[in-house]
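Asker: Here is how the chains run, residue by residue.
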Amino acid sequence: MTEKILPSELAEHRPYLLKFAVLQVGRKEIAEDLVQEVLLAALKGVDGFSGRSSVRTWLTAILLNKVADHRRLAAREVSIEAQEQALGTDSVEAMFQANGRYASMPQEWRSPEESLTDKRFFDALEACLRRLSELGKQVFLLRELMGLSIEEICKELGVTTTNCHVLLHRGRMRLRSCLEDGWFAGRRDR
Amino acid sequence: MLSCKDVSTLLSDRLDRKLSLRERISLRIHLAMCTGCSRVERQLEFLREALSGLVKPPDRD
Numbered sequence: 001m002t003e004k005i006l007p008s009e010l011a012e013h014r015p016y017l018l019k020f021a022v023l024q025v026g027r028k029e030i031a032e033d034l035v036q037e038v039l040l041a042a043l044k045g046v047d048g049f050s051g052r053s054s055v056r057t058w059l060t061a062i063l064l065n066k067v068a069d070h071r072r073l074a075a076r077e078v079s080i081e082a083q084e085q086a087l088g089t090d091s092v093e094a095m096f097q098a099n100g101r102y103a104s105m106p107q108e109w110r111s112p113e114e115s116l117t118d119k120r121f122f123d124a125l126e127a128c129l130r131r132l133s134e135l136g137k138q139v140f141l142l143r144e145l146m147g148l149s150i151e152e153i154c155k156e157l158g159v160t161t162t163n164c165h166v167l168l169h170r171g172r173m174r175l176r177s178c179l180e181d182g183w184f185a186g187r188r189d190r
Numbered sequence: 191m192l193s194c195k196d197v198s199t200l201l202s203d204r205l206d207r208k209l210s211l212r213e214r215i216s217l218r219i220h221l222a223m224c225t226g227c228s229r230v231e232r233q234l235e236f237l238r239e240a241l242s243g244l245v246k247p248p249d250r251d
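Protein chains in written order, with my numbering: chain A, 1 to 190; chain B, 191 to 251.
Hints are not guaranteed to be accurate.
As a list, the in silico DSSO-like pairs of lysine-lysine whose alpha-carbon atoms are at most 27 Å apart [to be verified]: (1) A/44 / A/119; (2) A/44 / B/208; (3) B/195 / A/19.
From the structure, some residues in chain A lie toward chain B, with a derived Cβ separation under 7 Å [to be verified]: (4) 100; (5) 101; (6) 105; (7) 116; (8) 120; (9) 176; (10) 178.
Hints in this document: simulated from the structure, not taken from any laboratory. Remember, predicted model here, so these are calculated numbers, not experimental data. Note that CB positions come from ideal geometry on N, CA and C, so glycine has one too.
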């Protein structure tokens with residue numbers, strides 16, 4: 001059974017897809033092209049929507065394919081470990097001393113809730129997200145933006161459960177540290 | 191005894207899977223004594239909240 005989806009319904013998902021795509025490929029022009037392709041593909045009903053998943057899940061799956069195609073074309077496919085190494089695999093290791101204590105004490109974040117109403121905070125968050133490895137970013141966004149389960153993410157990206165947990169841990173710790181330095185540190189004295 | 195590094199792994203895992211009873215107990219003991227890890231606990235939860243605010247759900251009206 002293929003269900004009919006209205007163009008207006010697809011358009012509603014555009015901002016979300018665009019955000020997802022920009023965070024994935026880094027450049028807005030490319031992201032816009034990819035999202036355009038996704039919406040066109042969706043309108044044509046290729047990869048037919050079965051109605052079993054939500055429209056957003058379905059669109060995200062198409063987008064992931066487009067992103068993968070784009071990467072292949074751009075010949076930017078780099079192995080997971082190479083990516084992590086380029087970023088410094090040990091950037092999480094470096095947060096801790098040999099005895100497992102924090103190298104620098106995590107600070108108290110001043111009224112974090114207030115930040116959620118500040119557009120500049122979200123700019124800082126996006127800048128921090130862009131600094132994650134490609135795969136780390138993909139796993140993290142599927143988990144936190146899409147709300148997929150670990151099982152679903154493993155299946156979608158072909159990574160093991162263990163790797164998935166490791167990537168999420170690294171991603172969260174890097175984001176935590178990046179936001180602390182890039183956003184909350186500047187607010188402490190105000 | 192868990193180190194802060196072990197605790198950071200559990201704090202992240204907790205957002206994705208159910209911890210075992212043993213993990214939950216050792217985590218709670220460590221958090222009761224450690225200011226740094228308690229901060230990280232709150233911050234990781236905040237991070238999840240912030241991410242959900244990154245993309246507002248489409249307006250249904």
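Asker: Next, verify each hint and record whether it holds.
Answerer: Hint check results:
no., hint, result
1, A/44 / A/119, "violated, 36 Å"
2, A/44 / B/208, "violated, 41 Å"
3, B/195 / A/19, "violated, 32 Å"
4, 100, "holds, 2 Å"
5, 101, "holds, 5 Å"
6, 105, "holds, 5 Å"
7, 116, "holds, 5 Å"
8, 120, "violated, 13 Å"
9, 176, "holds, 5 Å"
10, 178, "violated, 11 Å"
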